[in-house]
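Participant: One letter stands for each residue in the lines below.
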Amino acid sequence: MREKAIWALGLLGAVVMIYNLHTVFLNLPDEAMQGAIYRIIFIHVPAAISAQVFFTVSLVASILFLVKKNHAFDAVAVSCIEVGTMLVLVNLVTGSIWGKSQWGIWWAWDLRMTSQLMCFLLYLGYLVVRPAIAEPTQRATMSAFIAIFAYADIPLVDLAIRLPNVRTQHPGAVLETGQMAPMFIPPFLVGILAVLLISTALVLVRLHQETSQREIDSLRRELHAL
Amino acid sequence: MPHGLSTAFAIARKDLRTELRTKESINASASFALVILVLFSFAFNLERDEFYAISGGLLWLVFVFAGALIVNRSFSRELPNDCLDVLVASPAPGWAIFLGKAMAAFVLLTIVEAISLPIFGLFYNIHWMDSAGPLVIIILLATWGITIVGAAFSAVIVNVRLRELMLPVLLYPILIPLLIAAMGSTTALLSGEQMTGDNFSYIRQLIGFDAMYTALALYMIEFILVV
Amino acid sequence: MLAVAADRVWKYFGDYPALRGASLEVEKGSCMALLGRNGAGKTTLLRILANLSRPTKGEIKTAIGKTGIGYLGHGIGVYDDLSAMENLLLFGELMGVADPKQAALDALDRVGLLRVKDGLAREFSRGMRQRLAVARAFLHRPEILLLDEPFTSLDDRAIAVLQSLLKDALSSGATIVMSTHQIREAMELATHVALLERGKIVHTGPQTPEMLLDPGWLYRTYGEAS
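Residue numbers (this note's numbering), protein chains in the order written: chain A, 1 to 226; chain B, 1001 to 1227; chain C, 2001 to 2226.
Fair warning: there could be bad hints in the mix.
Per label pair, the in silico range of CB-to-CB distance [as the list claims (entries may be wrong)]:
no., chain 1, residue 1, chain 2, residue 2, range
1, B, L1165, A, D217, 20 to 28 angstroms
2, A, V67, C, W2010, 14 to 22 angstroms
3, C, A2063, A, V67, 24 to 32 angstroms
4, C, R2141, B, T1196, 53 to 61 angstroms
5, C, G2075, B, L1165, 53 to 61 angstroms
6, B, N1027, C, P2206, 39 to 47 angstroms
7, A, V67, B, N1027, 37 to 45 angstroms
8, C, T2152, B, A1132, 56 to 64 angstroms
9, B, L1079, C, G2065, 45 to 53 angstroms
10, B, H1127, A, A72, 55 to 63 angstroms
11, A, Y19, B, L1046, 49 to 57 angstroms
12, A, A72, C, Q2102, 49 to 57 angstroms
One-sided and incomplete, this derived list gives chain A residues near chain B with beta-carbon spacing under 8 angstroms [claimed, not checked]:
no., residue
13, V16
14, A132
15, Q138
16, D153
Please keep in mind that the hints were generated in silico from the structure rather than gathered at the bench.
Backbone N, C-alpha and C fix where the C-beta goes; we use that ideal spot for every residue, glycine too.
Using the sequences and the accompanying hints, generate a full structural model.
Facilitator: Here's what the structure looks like:
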């Protein structure tokens, strides 16, 4: 039943995405200054927004794990962080492509991209350290701690990169999304929905896998205990 | 003095006493700082005056690399003879044990920085004495941030495989907002600017980082010590 | 009146249940010998009693606070780079002892280390380090002593010191829980025994002459087939 729900969600997300891409590529004109490449915004920004949603969910899940000690919360946290980090990577790559097309350089230390890069590094630490902890309760506890510390850093990063004379203040280029003309807004919103649906499906897949793993572990436990 | 705080000081004194007797991490850390200072001088082939532009960045890279070595030892020094067990089993509150270790790491890193700073001034011909007052404040603020977060992660990974490799992966990204402020303010100071106006935002950033992570770490360390 | 009770305590390490619903009641003023093979869960249970580890399920009931617990685990729990006196002063302060200096001197005298009180623990012989560990555990006159195989690998002098301290502690009303491999020195002191077999307490009761005379008797009578 749960698997069917995940499939349905993923399929719905795929359909919405395809519909949106169709709109974006065929129904919208090229943008005045940027040409065709501006369309990447319909993936680039939704990826960032979805990532933030999932990181926030992971923060709540981490706090709940520390309070309730229920491993289900840990499973939610790791699933959200894995998918969130992947979305940040999508954001970074699409941003880089956009930048190259617009300004001829693959990376400019502008505010948004730098902030996303920092986010990636913070959660990369979580993903690297987590498998190195063998014992599940310890692993979940330490992971929750790291996740909370990482999330708390994001606003500090955003403040820091706005300090005077920091490299982000003099970027080679700036990817400005700026004001959006009215005709772009509906596909933009639909794009956010599409990415959210697909990535939620991915989170649920990962969650299902994590929960199954725990079930296997506890069956193994029962076997050992016999 | 409230019991917890006096316990924290007792543990800080203990860490400092054992460290200053063996000088293991101070020697390693200071030597490392020296080597990096030399390496960086070959990395950049700049005119004397141009060095001022990278002075803050350079100095804080040296300090944070040296700092990682010191904070790594914070909790791992409790592993031989299972001393950590005795500390945790004692009535000493978890936050007091942690605070004591953070304070000791802070003092040790400050010692390494005090050794490195004159050498830095010497190698790069940077006249840091002119802005010594504000510079010391920035160094103390940023060093506290490094040691409080570093000690917290030291506790997190004390039982983890490949501890020395894991600490940098966790620590450096979290410290980036702190380091940006430390680097920027130090460069500004060494270039003759004051910490007023726009530059004061650096100080605000440092204080904000320190306040938030000190509170967070003290509150959450209890979850880490008894699993 | 109970000094401490474990109520259906489970402890998992990953897949492996080190304790499977272990229940134990320890009378105040008694000396309980906790017996069991290697891997039975003795160390795990003692650590939980000492507040070093949280049970996965079940609970520990005790009226004794952390100031009243003296713990001696496998590690000696003293700092190699501090002197004997400095070690005991520190632990005295941590345990809230009224006059740490006097208590430390008394403890060192009791274990025969007064003469070398300013020597670094690193420089001590093995027997001396063990006596220092014992001094630390008894320093604050604990209400309950939790000792994990304390007689294992002690030299004669250390054994004599430990036995003497344990007898004194018992006569002043302290409670002792001591895991052991039925070593004679431990059994002589014990008023009660408990047998831990694969994470469960399979027998608990007063010490009888049979147990003292025949080391394997308890395992044969109450243990599972070996």
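Participant: For the restraint on A:A132, tell me whether the closest CB of chain B is nearer than 8 angstroms.
Facilitator: For A:A132, the interface hint holds, since the closest Cβ of chain B sits about 5 angstroms away, which is under 8 angstroms.
Participant: Lying within 53 to 61 angstroms: is that true of the beta-carbon distance C:G2075 to B:L1165?
Facilitator: 25 angstroms, violated
Participant: Determine whether the Cβ-Cβ distance between C:T2152 and B:A1132 falls within the hinted range of 56 to 64 angstroms.
Facilitator: 58 angstroms, holds
Participant: Look at the Cβ atoms of B:L1079 and C:G2065 and judge whether their distance stays inside 45 to 53 angstroms.
Facilitator: Violated, since B:L1079 and C:G2065 (Cβ atoms, about 26 angstroms apart) do not stay within the stated range.
Participant: Starting from the range 53 to 61 angstroms, see whether the pair C:R2141 and B:T1196 falls in it by beta-carbon distance.
Facilitator: 59 angstroms, holds
Participant: Go ahead and decide if the range 55 to 63 angstroms is satisfied by the Cβ distance of B:H1127 to A:A72.
Facilitator: 59 angstroms, holds
Participant: So, as I understand it, the hint says A:V16 touches chain B; can you test that by seeing if any CB pair is closer than 8 angstroms?
Facilitator: Violated, because the Cβ-Cβ distance from A:V16 to chain B comes to roughly 34 angstroms (cut-off 8 angstroms).
Participant: Quick check on a hinted range of 24 to 32 angstroms for C:A2063 and A:V67, using CB atoms only.
Facilitator: Distance hint for C:A2063, A:V67 holds at roughly 27 angstroms.
Participant: Please verify that hint: A:D153, Cβ, nearest Cβ of chain B, below 8 angstroms or not.
Facilitator: 5 angstroms, holds
Participant: Mind checking the hinted window 49 to 57 angstroms against the Cβ distance between A:Y19 and B:L1046?
Facilitator: 56 angstroms, holds
Participant: Would you say the C-beta atoms of B:N1027 and C:P2206 sit inside 39 to 47 angstroms of each other?
Facilitator: 57 angstroms, violated
Participant: Confirm or reject the claim that A:V67 and B:N1027 have a C-beta distance inside 37 to 45 angstroms.
Facilitator: Cβ of A:V67 to Cβ of B:N1027: about 43 angstroms, so the range 37 to 45 angstroms holds.
Checked against the numbered hints given earlier, this structure breaks hints 5, 6, 9 and 13; the rest are met.
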